[in-house]
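Asker: Take a look at the letters that make up each chain.
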Amino acid sequence: MSETREVPVMGEGEIVEPLLCELSREGHRGVRLPASDVPETKMARAIPSWAVRQRPARLPEVSEPEVIRHFTRLSTLNFHLDAGFYPLGSCTMKHNPKINDEMAALPGFSELHPLSPEEASQGALALTHVVSKLLCEITGFAAATLQPAAGAQGEMTGMLMVRARHRDKGQGDRRKVVIVPDSAHGTNPATAHEVGWSVRSIKSEQGLIDARALAEALSDETAAVMVTLPNTLGLFEPRIREIADKVHEAGAYLYLDGANFNALVGLVKPRQVGFDLGHLNLHKTFSQPHGGGGPGAGPVLVSEELEPYLPVPVVVDKGGSYAFDFDRPRSVGRVHGFYGNFGVLVRTYTYLLSLGPEGLSEVSREAILNANYLKEKLRGLFELPFDRPCMHEFVMSGRNLRKHGVRTLDVAKRLLDFGVHAPTVYFPLIVEEALMIEPTETETLHNLDHFADAMKRIAREAAEEPETLKHAPFTTPVSRLDEGRAARELKLTWEWPEKS
Amino acid sequence: MSETREVPVMGEGEIVEPLLCELSREGHRGVRLPASDVPETKMARAIPSWAVRQRPARLPEVSEPEVIRHFTRLSTLNFHLDAGFYPLGSCTMKHNPKINDEMAALPGFSELHPLSPEEASQGALALTHVVSKLLCEITGFAAATLQPAAGAQGEMTGMLMVRARHRDKGQGDRRKVVIVPDSAHGTNPATAHEVGWSVRSIKSEQGLIDARALAEALSDETAAVMVTLPNTLGLFEPRIREIADKVHEAGAYLYLDGANFNALVGLVKPRQVGFDLGHLNLHKTFSQPHGGGGPGAGPVLVSEELEPYLPVPVVVDKGGSYAFDFDRPRSVGRVHGFYGNFGVLVRTYTYLLSLGPEGLSEVSREAILNANYLKEKLRGLFELPFDRPCMHEFVMSGRNLRKHGVRTLDVAKRLLDFGVHAPTVYFPLIVEEALMIEPTETETLHNLDHFADAMKRIAREAAEEPETLKHAPFTTPVSRLDEGRAARELKLTWEWPEKS
Amino acid sequence: MSYVGRSEAERKRMLETLGITSFEELLRDLPPGIVEKGPLAVPGPLSELEIRAHVGEIASRNDAARGAIGFLGGGMYDHYIPSALPRLVFRSEFLTCYTPYQPEVAQGTLSVIFEFQSMIAELTGLDVANASLYDGGSAVAEACLLARAHTGRPRVVIAGGLNPNYAQVVRTIAGADHVVVLPAVNGRADADRVARELNGDTAALVLAYPNFFGIVDDALPALCQRAHDAGALAIVCAEPLSLAQLTPPGEWGADVCVGEGQPLGVPISFGGPAVGFFACKKELVRRMPGRLAGQTVDDKGRRGFVLTLQTREQHIRREKATSNICTNQGLLALCATVYLALLGKEGMRQVADLCFQKTHYAAQRAKEEAGLSLAYEAPYFREFVLELPVPAAQVCHFGHERGVLVGVDLGRFDAAWSRHLLVAVTEKRTKAEIDRWARVMAEAVRAQGRVPEVAAR
Amino acid sequence: MSYVGRSEAERKRMLETLGITSFEELLRDLPPGIVEKGPLAVPGPLSELEIRAHVGEIASRNDAARGAIGFLGGGMYDHYIPSALPRLVFRSEFLTCYTPYQPEVAQGTLSVIFEFQSMIAELTGLDVANASLYDGGSAVAEACLLARAHTGRPRVVIAGGLNPNYAQVVRTIAGADHVVVLPAVNGRADADRVARELNGDTAALVLAYPNFFGIVDDALPALCQRAHDAGALAIVCAEPLSLAQLTPPGEWGADVCVGEGQPLGVPISFGGPAVGFFACKKELVRRMPGRLAGQTVDDKGRRGFVLTLQTREQHIRREKATSNICTNQGLLALCATVYLALLGKEGMRQVADLCFQKTHYAAQRAKEEAGLSLAYEAPYFREFVLELPVPAAQVCHFGHERGVLVGVDLGRFDAAWSRHLLVAVTEKRTKAEIDRWARVMAEAVRAQGRVPEVAAR
Ligand SMILES: Cc1ncc(COP(=O)(O)O)c(C=O)c1O
Ligand SMILES: Cc1ncc(COP(=O)(O)O)c(C=O)c1O
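Protein sequences appear in the order of chains A, B, C and D.
Residue 361 in the working numbering is what sits at position 361 of the first sequence, and the numbering runs on without skipping anything.
Residue 18 in the working numbering is what sits at position 18 of the second sequence, and the numbering runs on without skipping anything.
Residue 36 in the working numbering is what sits at position 36 of the third sequence, and the numbering runs on without skipping anything.
Residue 412 in the working numbering is what sits at position 412 of the fourth sequence, and the numbering runs on without skipping anything.
Next up, chain A with everything else stripped away, as it sits in the complex (with noise of 0.2 Å):
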């Protein structure tokens, strides 16, 4: 089934594009800065002569046009959002509104300085603050702090603040164990290490948090549950509450991981539900382009028995302007060297108010119902190891593939040849093989089919010509990486030619 073409090409074993330093002549010349205007003073005597760079340093000299195209050439290697499809699970990949970039680039926040006097920045103060209420009308918490940069700080900082509310409450010495189920990503048990607590992981039972499990595992050493919601699976835990009253007894807080706040916007709050305290990712839900890793946003949302801990500084509302309030003596400090990642708020705040409350649950409906219709529309071709009504995600696994050497892996890397990206692969870790896939709301019932037919074609090639599979890609500027070599001969720098 495959056709082949043949194309004289410029020569195999070449550089895609040429990196900086292969680029840089002697004497070349980017922007120019203007000369100085005032008075001289001599570095060497104003500065220790140790600390007076000898050498300067060996940065590219690179001319304005050729800058240009060298960044614009690189950036036409990448797959992105506005080109298309890009079903990757548990990332929310849905349309980056333009207006949010514009709003956020207003001279009036893109310059504002973090120690501007904060008469200078009542605008950036009631922003922060606005936000933080919405957040929490959104999810049913008591309030806010959106310092985290994104959703791993975010995790931190809530347990962070679990932490200090367990020592307040005499506990602290003890309670050092959290329970993260098995289908968990990997930021949770980090997290928790990465505040000197161990890890306590639960088996899932039919992907679901197995409530047995979970009371074996509870005891006055348990500090925190960190349940996702919807989980990993794209599953919703029908014991929720049952859950949530569990955690308590044991005197623990419930955490919520909400990477999948998608699935739950306008439908649910999860402070009803019982939870404590959590994050969002303003990247995932609340549609922060990516930025080929970030910036992204991790407010921690708590309740009101929580709120004295949340980070330095809190902007307050004091009647007419605001302030930041540091006085905050229970608080577990600062996570941010300002206040976190201020232009995401300003997205953030543009895209709710573009939905509005229809718009923020149309987000949901729309989310979950692509999901159900996408899982419909490939049933029979991968295994369904949960076959249940999924939100916003679901999982399936290319087990069945096997039979024909063909991997997940391999699934994956063909559908970049249909112009569409890779679902997440081999995560979560519970499902072999797993292939994860979150259409979002944004994508039309087209994309939706054009997918699916896709997926289709590669499931019949697994069987009749799988070779096919394990060459692919065949339209992306390189083909499958060498990840084992990049490990092991560990090139992190680049080296200049010889002669530049």
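By construction, these hints were calculated from the structure, which means they are not laboratory data.
Source: prediction; values computed, not measured.
All C-beta atoms, glycine included, are put in the ideal place defined by N, C-alpha and C.
Treat the hints with caution; some may be incorrect.
[As the list claims (entries may be wrong)] DSS-like, lysine-lysine: derived pairs with alpha carbons at most 30 Å apart:
#	chain 1	residue 1	chain 2	residue 2
1	B	K491	C	K320
2	A	K456	D	K300
3	B	K203	B	K176
4	C	K37	B	K403
5	C	K320	B	K203
6	C	K37	B	K133
7	B	K176	C	K320
8	A	K176	D	K320
9	B	K491	C	K37
10	A	K176	A	K203
11	B	K491	B	K470
12	B	K377	C	K12
13	D	K282	D	K320
14	A	K491	D	K300
15	A	K203	A	K403
16	C	K282	C	K320
17	A	K470	C	K300
18	A	K377	D	K12
19	B	K456	C	K12
20	D	K300	A	K470
21	B	K403	B	K491
22	A	K403	A	K318
23	C	K12	B	K246
24	B	K456	C	K300
25	A	K133	D	K37
26	A	K269	A	K246
[To be verified] DEER-style ranges, computed between Cβ atoms:
#	chain 1	residue 1	chain 2	residue 2	range
27	C	K431	D	A416	26 to 36 Å
28	C	E251	D	S7	25 to 35 Å
29	D	N186	A	D37	25 to 35 Å
30	B	E14	C	T311	48 to 58 Å
31	A	A463	D	F23	33 to 43 Å
Since the structure of chain A is already known, use the hints to place chains B, C and D with the ligands on it.
Answerer: Showing chains B, C and D with the ligands alone in chain A's frame:
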């Protein structure tokens, strides 16, 4: 020499990107507008019934994410200057600085209405005024109009001014012939025709104006002589002063087609050489991005004698403030609904300031050096019909490849496979199988060498594997297109798919 | 700031390749004494940092920099531009590419042109449209030239109501001798006068829809018929956004429909770059000016687009071309295409309706708040003319000082109209802004006598 | 504004495919009563047009919207951002892509990370650098965690002079119990005290370069030596732009160099998104936090880049990971990479020199014009602390009212510093602006007593 790759692709005969009408889905919406906040006026009561549209215009119905993807994907089908070298002769595809766009987008400019009171438009008037002055300084002329939207409109404006001048001199009925060299761009004869004149084309001699042929052609019917300097072969007319004298002796005006002014910036002032008037192409010499076809700007510069004929309005300095002067009885009138492509003028001003006097003279010098260097590097690969130092561009001929059954068109197409745009081909008409190459000053030595290497390889392919060339390009989004079919079937608008 | 990437060593290497020792040797064809000795007397070089300060200061001298509230129309309008639009249009793939002469690497631009043509044809109700012309003014002029070529007749009759600037452009380009510009009567074409002017020499009758005064002239269909009866073409200059709510000219007799595309997502930018559009019946396609994209297939049968019917154009046909146009306004046609796509079927209807509603509300407020009435009692769509008891220039000055650009002083076009104010209200103006405008208008009128006289132009 | 493209007919078709008649059937796993009945109490929906007005109004409440002239530093600086930078960074290819988990379609992002790593390693004088961390504060904290893991010791000593906010972040993240934050003495580390605090339990000594007060502390090389002598790692928190003119920490003893990358082309944006950088000796690479791009080849032998040493990371190693970081600040690392490329070798030297020159000029003007002297007599690079005769908060308020953000009131960090003003001068400030600043300072000081008391925080 051509390697082959086996690529299973999605199937030939496919659509590279659907059209908007194919993406349209009934009921989908893009951006939303606010609801009306004013009391309703019934349209049927306010507007005559025949004029009230009964059937909504059949425009696409596409969600914002899909619109963005559509145009983003379409964009990637284009070669563009920020991706690589663009040696299009006579087009001056030089670097387009981003600061120019930034300045043109300042709300004070981009949101300024052309009918704002003059007191509310002082910045725009001041800028227009200073750009006129600077262009006069650079060219040596006495006055300018910035109204023409492109070079061709500049030519027309110039011819209208010449006509008006002849009329004022009582020679309007007699002088109705424009002389152009056979190397001239098509706009020159087309313009002469558009103002109702006839065209007399004179044959070039060794790529230059044949003084004798010119002398013969000149008469008391000659209205103007249009000369491109350097000409479209990239050659400077060595006898330009003589030519000017002869034209003036004959009572005609010498018009500069300034499309090739990149060769002269800071080097030669056309007025000093004897031109009476002429246009510049700001989208060539002055770094305005070409936008896939435009906008440009074609200001016309004139001698004192012709100044009274400039289009209205002219911006005048009233000492501290600026105003439009409409009271110009000898003006040819308006050529633009407002004042021309103002946004382009902002870019031009920014560009001039960026470069300053040294930077401007570097433009022509480096452009000339690049062209001569490249000519030298390509020597022997193609024929060089006029082997003398060139200015900013040069013309070769692919005649020598005919013996292999290869045409210049094939060379152009094959170049596209090397990450380089094709040169201008089959122009000027006086060189068979012409390849017109203009590197501009902003290309690095590295890029010139890369281009030369590609040309070397192509010349070799022409001899060794001509079929490769004839089927090139191979790496572009589509392969060679059937232009004949387009003209025969003449499908100029889309057809909606059966059901959308 | 220099954009040249060149070291001294490289320059030397290049000269060596050329076998010369100094650059000047390359200039040996230049007549002696021709090369400028000194540097040009221009300012700079400035760094970006300095340019931002300097050019920013110039921009700040325009009211627009201070977010003045605008009620200006007369051919260009302050419409909402969706946030996604500049992000797409400023992609360097669209911005920095040349005219699509190598279609294999220009399918982006060519597809956009094809879509633009399709949507302009749909909006105007005609068969075909081109890739763009310079602006509304030159589009009207080109339409007249087409009519001349098509009919072999010289005369062009412009009915009252066309934007006076456009009429001037037509006179400049098509030659004043054969262009008859008729005055408007009561803001409309004088049907009888027009009928009288149409004769056996007439190539075209030019009409405007809505016209310069915002009026939907009830006589237009009949005038088209008159033109046809006289063997002339009916050319309609239309405002394209209104066409989302108005019956397209192609349905009531236009042979050619042209206009200014700026209202479709193009920044207003002091009047340019703008974008002329040109649509006509398919019989006229071979006489159309400007570029056309047509559909075809590639070697492998894939759909693609190319510039077609290039034999109409100057680079092929030279003096026999249908027009001398070469560089057009491609990027602005892209703006319009993206705009039409983002607003879509429903959005376009809505934006046109909002303009209509707000305009009518403003006229009503002018009456209620300032006691001002319309200069012309006639149906209007998205702008109207107020008859003022004081010079319009004074009212404009009064508004300017209060951050409201109240309208266009028609005295700038014709001294006879010096008490006429042309007011346009787009979807961007809120009720509160319109109310504010009405108050400023009322104050301005009341302040009569206290407002200093300002130049009428 | 909804971004969902779905008609009722399509929704129905989807439900049919699912064999259900109502969406609610998909929610059957949800416990009863859990689904919210009413709509959320949030404002909206608003169109873009309304959002521009509303959010624009909020932005306008910040001085920055009015182009206040800033002399603020303390970790973030108002540097010139080249015009090309946002055009590149905002390309959707960079902005809307995910973490490069499928390297075949992410070579753009991966190459940029590799270049970022290379240039950060060069600037800091160390062997390797990572793809970014959240910000300067968390980068210092992560460095301390690395030192702990590397040495197996718990204690972290922070010498005087580190940004107090960063010290707080370290205490929060690394646990206050084992983190000793020493006070600065005369704006510098107290070398003797530091030496005393370094003991057999100490994992790391944290130093700052230039430090929070702008000072280049002469004791740093010796303190690194002391740390090494005690078996601890020397962690230097550096301001990266200064490193273009200052000897890199790797050359005078740093094992790890971290800091805030904002000065390298990142919009200041009220403190975030910022970008932490992390560089270290190659011996420590396997303990580094965060992502690393490494070079490799593809199937066909072409060079390519992948995320490597992922076994350090949480998604593979879970609780044994070197850090819990997942999402980082990739886009801002891209800003820094583009910035370093555009300025290049010479531009970076020049910008650092300009900051140095202007800062020293400002200090001199403060003395001449306002009679103000430095709080600390010590070499400083790009910012300095003035000792004021009045509360710094008053002076800041006075300046704010005049459109000059005169400096950072250090009383916001420590009440003991309430008469200390931290002043940073970047290349963006002209001589005229600095002179203006000096005059405002002088007036503010003279106005003492007449200025109303404002809250110190
Ligand atoms: C379920 C889950 N939890 C936590 C995280 C970590 O969030 P972040 O990457 O924002 O630190 C992720 C993100 O990938 C996730 O999917
Ligand atoms: C020599 C020459 N003359 C005239 C023109 C026409 O200029 P424009 O395209 O700006 O109308 C061109 C542009 O292509 C040209 O190269």
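Asker: Can you confirm whether the C-alpha distance between K403 (chain A) and K318 (chain A) stays at or below 30 Å?
Answerer: violated (67 Å)
Asker: Holds or violated: 26 to 36 Å for the Cβ distance of K431 (chain C) and A416 (chain D)?
Answerer: Check failed, 55 Å falls outside 26 to 36 Å.
Asker: K456 (chain A) and K300 (chain D): Cα distance at most 30 Å?
Answerer: holds (28 Å)
Asker: Could you tell me whether the CB distance from N186 (chain D) to D37 (chain A) stays inside 25 to 35 Å?
Answerer: Because 32 Å falls inside the window, the suggested range holds.
Asker: Given the proposed pairing of K491 (chain B) with K470 (chain B), does the C-alpha separation stay at or below 30 Å?
Answerer: At roughly 27 Å apart (the allowed maximum being 30 Å), K470 (chain B) and K491 (chain B) satisfy the hint.
Asker: Verify the proposed pairing of K491 (chain A) with K300 (chain D), using a straight-line Cα cut of 30 Å.
Answerer: Holds: K491 (chain A) and K300 (chain D) sit about 19 Å apart, inside 30 Å.
Asker: Against the 30 Å threshold, does the CA-CA distance of K133 (chain A) and K37 (chain D) hold or violate the hint?
Answerer: Distance of about 20 Å is within 30 Å: holds.
Asker: Does the structure keep K320 (chain C) and K203 (chain B) at a Cα separation of 30 Å or less?
Answerer: holds (19 Å)
Asker: K456 (chain B) and K300 (chain C): Cα distance at most 30 Å?
Answerer: Holds: K456 (chain B) and K300 (chain C) sit about 28 Å apart, inside 30 Å.
Asker: K403 (chain B) and K491 (chain B): Cα distance at most 30 Å?
Answerer: It is violated: about 37 Å lies between the C-alpha atoms, which goes past 30 Å.
Asker: Verify the proposed pairing of K269 (chain A) with K246 (chain A), using a straight-line Cα cut of 30 Å.
Answerer: Distance of about 19 Å is within 30 Å: holds.
Asker: Quickly compare the C-alpha distance for K282 (chain C) and K320 (chain C) to 30 Å and report which way the hint goes.
Answerer: holds (21 Å)
This entry does not satisfy hints 4, 9, 21, 22, 23, 27 and 30, going by the numbered hints stated previously.
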